[in-house]
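Starting from the known structure of chain A, fit chain B onto it as the hints suggest.
Chains as they are written, first to last, in the numbering used here: chain A, 241 to 601; chain B, 39 to 309.
Any given hint might turn out to be false.
[Unchecked claim] The following label-pair restraints were derived from C-beta to C-beta distances: (1) B:THR279 to A:VAL432: 50 to 56 Å; (2) A:VAL585 to B:GLY261: 36 to 42 Å; (3) A:SER419 to B:GLN270: 48 to 54 Å; (4) B:THR287 to A:PHE298: 44 to 50 Å.
[Unchecked claim] If you want the footprint, here are the derived chain A segments under chain B, 3+ residues with CB under 8 Å: (5) 279-290; (6) 293-299; (7) 316-322; (8) 529-539; (9) 560-566; (10) 572-582.
For the record, the hints were derived by calculation from the structure and aren't laboratory data. Remember, it's a predicted structure, so these values are computed and weren't measured experimentally. Glycine residues also receive a C-beta, built at the ideal position from the N, C-alpha and C atoms.
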Amino acid sequence: MSRPQLRDARRDQRSPARPHTSGRQHHHGAIERPRGRAGLGLALGLGLVLFFVGIRVFAPEALGDLLSNTVQDFFTLSISVIIESLPFVFLGILLSIGVQVWLPDGFLLRHLPKNAVVRRVTLSLLGVLLPVCECGNVPLTRGLILRGLTVGESMTFLLAAPILNPVTIITTYQAFGWSDGILVSRILGGFVIANLIGWIYSRHPSPMSLLTPKFQASCAHAHDEVPASRSRRSVDMFAKETAAMMPALFVGSAIAGLIQVTVSRDVLLTLGQNPILSVFALMALAFVVAICSNVDAFFILAFGSTFMPGAIVAFLVFGPMIDVKMLALMRTTFTAKTLVQVTVVVGLASAALGLAVNTLA
Amino acid sequence: MLALVGIVATVWLALTDQLGLYINPASSWFAILMAIIGAVFVVAAFAWPPLDDEHASESDVSTPTPTPTPTPTPHARARVRGTRPEPVHEHEHAPSAPPGRIRTAQTAVIVVGATLALLVLPPATLTSAVASQRSINSEASAIDRDGAALVGGDTSSFTVKDWAVLLRQNPDVDTYTGTPVDVSGFVLASTEDSENVFYITRFVVTHCAIDAQPVGVPVYLPGWEEEYDADQWVEASGALTANPAGSATDPLVLVPDELDRIEEPSDPYVF
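Next comes chain A alone, as it looks inside the complex (with noise of 0.2 Å):
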């Protein structure tokens, strides 16, 4: 096992001075590969799919009753986040394909305003046009710093996107229509946070450090042109995207999950009442229940009644943003500690607008 990459390595050590193989070469490469590889490789992606298909089907029925109610109640709720998100992740990878490969070279750039604030303006609404739920946008912000856009302007559109969306907004609306001016707020708020986050990052000194070594790498060489068809470079990108996005959803599914069947939400509850614990309580409720965007407004309309209109906001804005499986997604992009920075500053924007509304309401 250790064979190839000791080989490989020294071989890497024979040639530094190597020039970067051109793209006539890589698609020689690829002319010359043997027309059976890719037989071989069909026969295994199918064998791969038949392979799961007959563990599911001959999966014993009685294994279930083995497990207590909570533990059987954690693999329910892990399950259904998986089922829930992956769509939107397969969503959001798709789009960040037809960014990086199907628009021309530039295109975005081109079309963007320059000034720096107009331009994080014009990204945070970008969500408008891509009603994608938050899970989707972290490959499709990948994309995005891949074709060019500075690490700030991204998370611009990562964090307004799941608020400015028409989805979002519309079910928002169902659930409070005008009423304390939730909804107003919750726009407004979701705006401002991300251009603000946007705004601090802009003015960090050496913004690539803010990313985590392997995706770096990526964006050092996403301007190669690689010579290869189209629908080639997505299904390649396909697979690279899931690759770095799936232990990562799985993963963060798992967290949310184990938290939703750990943490008693009464604690939280009973916070609720007052003007000040009762934001901090439903962020903190944000942050594990890790639930969609889209739906978001309909779930804590649950405890309407309970909670100030101002928790309520600041649920709604702390939420789509920050919860524990968008902090594992994120994860595949950004360092951990630029992870905290971000939560630490929208925290706190989300608490202090919360507390505004408490206060005028």
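Okay, now just chain B, sitting in the frame of chain A:
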């Protein structure tokens, strides 16, 4: 690979009509569509080995992508340099530099865990453990939206949810006394008066099981705990009566004429 686990699980649940255990059927078309598109891409990715582009050097900078989905492993670089490609099954193994080995082990754990959870375990419904953690019949205005339409409606086709919505609006006790009720759900003890009252409960799922809210019809049956366990699915028919215990939370209760144990139905949630 992990994507495949999720895809196979989704499609299988859809084919066996169990997707409703996890997400609201209103969005299942989207889940299925995306799963199929995803499947096409994943299988195509197996047929087309990874391109020798930027990601080949990615593994030099940090640890390689440990997922066994086609990742640029040494043979990718080997091909750049004109040597013969390694056999395709190399895809299955991430290179084993020490940090890489840990990552590989982590991924293996995730893949095995995901396979166990999504493919080996039989699909299940949420249990009363969750229901007791989320307050039953809370001020869930989400389910109140169609409440007004229920008043004076045809009660013979009412679901647990309809009854719960109606009862929470504190209807006039006299109007509804004697109204026949026929519902099924699982047994959940009342927190207030657990000796005499339990709820015939269902979860309302707005989007997915995470947001499931328990709703229930209170049943008045002193000593019920000796006969029925929590989580037992039952079907009850009887009539509404003013609560003999005079409870403020549940002024109207169902006094069952018949209370039968049933198997859990294939559509345990209401939407």
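- [ ] Check whether three or more residues of the stretch 279-290 of chain A sit with their beta carbon closer than 8 Å to a beta carbon of chain B.
- [x] Held - the stretch 279-290 of chain A has 9 residues with a Cβ nearer than 8 Å to chain B, which meets the minimum of three.
Task: Range hint compliance [Cβ, SER419 (chain A) to GLN270 (chain B), 48 to 54 Å] - done: violated (40 Å)
Open item on the list: Given the hint of 44 to 50 Å, is the C-beta distance from THR287 (chain B) to PHE298 (chain A) inside that range or not?
Closed with: holds (48 Å)
Open item on the list: Between the stretch 316-322 of chain A and chain B, are there enough contacts, at least three residues with CB-CB distance under 8 Å, for the coverage claim to hold?
Closed with: Coverage by chain B holds here, the residue count being 7 at a Cβ distance below 8 Å.
Task: Coverage of the stretch 560-566 of chain A by chain B, judged on three or more residues with CB within 8 Å - done: violated (count 0)
Task: chain B covers the stretch 529-539 of chain A, three or more CB atoms within 8 Å, holds or violated - done: holds (count 8)
Open item on the list: If I claimed the Cβ atoms of THR279 (chain B) and VAL432 (chain A) lie 50 to 56 Å apart, would that claim hold in this structure?
Closed with: Roughly 55 Å apart at Cβ, these two residues keep to the hinted range, so it holds.
- [ ] Test coverage of the stretch 293-299 of chain A by chain B using CB-CB distances below 8 Å; three residues minimum.
- [x] holds (count 5)
Task: Within 8 Å of chain B (C-beta), three or more residues of the stretch 572-582 of chain A - done: violated (count 0)
Task: Range hint 36 to 42 Å (beta carbons of VAL585 (chain A) and GLY261 (chain B)) holds or violated - done: About 57 Å separates the Cβ atoms of VAL585 (chain A) and GLY261 (chain B), which means 36 to 42 Å is violated.
The structure does not agree with the numbered hints 2, 3, 9 and 10 stated previously, though it agrees with the rest.
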